[in-house]
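Quick mapping for you: the protein sequence lines, in order, are chains A, B, C and D. Per the numbering used here: the first sequence = residues 1 to 148. Per the numbering used here: the second sequence = residues 1 to 148. Per the numbering used here: the third sequence = residues 1 to 148. Per the numbering used here: the fourth sequence = residues 1 to 148.
In short, the hints are calculated from the structure, not lab data. One or more hints might be untrue.
In this list, chains with the same sequence are indistinguishable; a pair is considered to hold if it fits within one copy or across any two.
To be verified - Pairs of lysine to aspartate or glutamate residues, derived as DMTMM-like cross-links and limited to a Cα-Cα distance of at most 25 Å, are as follows:
no., residue 1, residue 2
1, Lys98, Asp10
2, Lys113, Glu80
3, Lys113, Asp48
4, Lys96, Glu80
5, Lys113, Asp128
6, Lys98, Glu80
7, Lys96, Asp127
8, Lys96, Asp48
9, Lys98, Asp48
10, Lys96, Asp20
11, Lys96, Asp10
12, Lys98, Asp128
13, Lys113, Asp127
Protein chains: 4
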Amino acid sequence: MSQAFTPLLDATRVEQPIRDGLPMSAFGGFVVESIAPGVAQVRLGYRDWMLRPGGTLAGPVLMMAADAAMYAVILAHVGEQLLAVTSNLNIHFLSKPKPADVLAEGRLLRLGKRLAVCEVLLRSAGDDDSLIAHVTGSYALPAKPPSS
Amino acid sequence: MSQAFTPLLDATRVEQPIRDGLPMSAFGGFVVESIAPGVAQVRLGYRDWMLRPGGTLAGPVLMMAADAAMYAVILAHVGEQLLAVTSNLNIHFLSKPKPADVLAEGRLLRLGKRLAVCEVLLRSAGDDDSLIAHVTGSYALPAKPPSS
Amino acid sequence: MSQAFTPLLDATRVEQPIRDGLPMSAFGGFVVESIAPGVAQVRLGYRDWMLRPGGTLAGPVLMMAADAAMYAVILAHVGEQLLAVTSNLNIHFLSKPKPADVLAEGRLLRLGKRLAVCEVLLRSAGDDDSLIAHVTGSYALPAKPPSS
Amino acid sequence: MSQAFTPLLDATRVEQPIRDGLPMSAFGGFVVESIAPGVAQVRLGYRDWMLRPGGTLAGPVLMMAADAAMYAVILAHVGEQLLAVTSNLNIHFLSKPKPADVLAEGRLLRLGKRLAVCEVLLRSAGDDDSLIAHVTGSYALPAKPPSS
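The shape of chain A in the complex, shown without the other chains (with noise of 0.2 Å):
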């Protein structure tokens, strides 16, 4: 990556937010990991209901994790008092989730004035070196206000 990314605020400011901004997050655990530049993980915590016959996670629950990636990593480097918006999310599904918790990585390619772009590595817990899908998307940051 040629940009330099630092980060502004820590997983435990980062997390907050972001289960507010993420109702469903009531009906699982979800923890912010850890935030490094450029980069946050985020876990979902595995819940019964994630799953679906056949006995893997529904898809949606692998786009709420990546959503909540994307929104970590980017609040983190932007600030907490920045509004951002999904603009676009484009998954991938790679391989079958088994009945475990997501990790999520997500990962900043591109932090613009007014665009973020962002991609998203999800893993099943206790299988690290395998892509259970493969994330990419943009935000849109709001205009900072003129006195900032």
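Given the coordinates of chain A, work out where chains B, C and D should sit on it, guided by the hints.
Showing chains B, C and D alone in chain A's frame:
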């Protein structure tokens, strides 16, 4: 569209397997409203947990509705014995969705032997001429058993 | 669509900047056939170099036509002084395109102040009811100068 | 990645079918620089016709390079007898590409029996640590003949 699409299942037959496969539907009302050639209309009932700060529906709620509409239109046209699996989903968020039922219209763009491609138009109930999101996606279709 | 779209430029005014910005058009005929509210129709003339083995058009030829149609519909509605830049393009290939002109119909899904979202329906000339590809994409729009 | 990828063809064997299948390569230099497990590096040589006003490369040039890199990495791993067809391509443009050769690194995310999923990292020659675009895409793989 060039292909002539002929539904094999009606809305009632399509709805139950989707409820089973979309466990989050336990937390919200979900109805397959109609099936027509190449088209499925589904409704995801509004619940308070779907809201995010600012009073709009969370993005994953729209993805869940879109995924269900894609699944409905495919299931209706390939028959319930087949286990279709989402391969890819791409969503563009177009306007802020107000707190209301989500109406998702799934349309087949192509139904091949191994891959189906769909688009989904998402609207808010009571505001029928406004798109809140647009989705395209593809489903991998299983090989038919030799005897069928 | 909820938004009422009003074109500012006609097909003739839109065509020249696209020819300038799509240098490959030097290798193929390119025409903006019509502009209507929210819609632009463009045609990319068939040339032998567009073929790939098997006698179908190469994928990048369809992407080039789609990109031109997106640019045409946006330019027509924001005016030529603005320098829109493609942010994202997503294409699903639906059927094998025969050796013929490509007709691309660009439609605005949303025209915001900073981002425009479009879809493009791609067909082969002479086979008007069959889609060969479906595209969605977004364009970043520059900030207007303060005086305008 | 969980899958262990083993190339079947080297760069020389991969290059010719891509040149044949990418007719626009006649207008620009195209080289498969290397093949490694799960990865293909390709280079699209800069030509003046690739420029758009403002002095940057036209978007379709990057899509062409990405499509070639996806095709290269798949061909290298499934063997040249198979006719893979692009099913879907999604590109995010990240920074303005200067007038220089385009380096595209195609990586397999999943190689299934019927579908391959890749990502492509695009850079400008001489600026190796900066991404100009990011692509994901899927290819439909033909059924193998029963005897093979």
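Please list, smallest to largest, the hint numbers that this structure does not respect. Of the numbered hints given earlier, those the structure breaks are 1, 3 and 11, listed in rising order.
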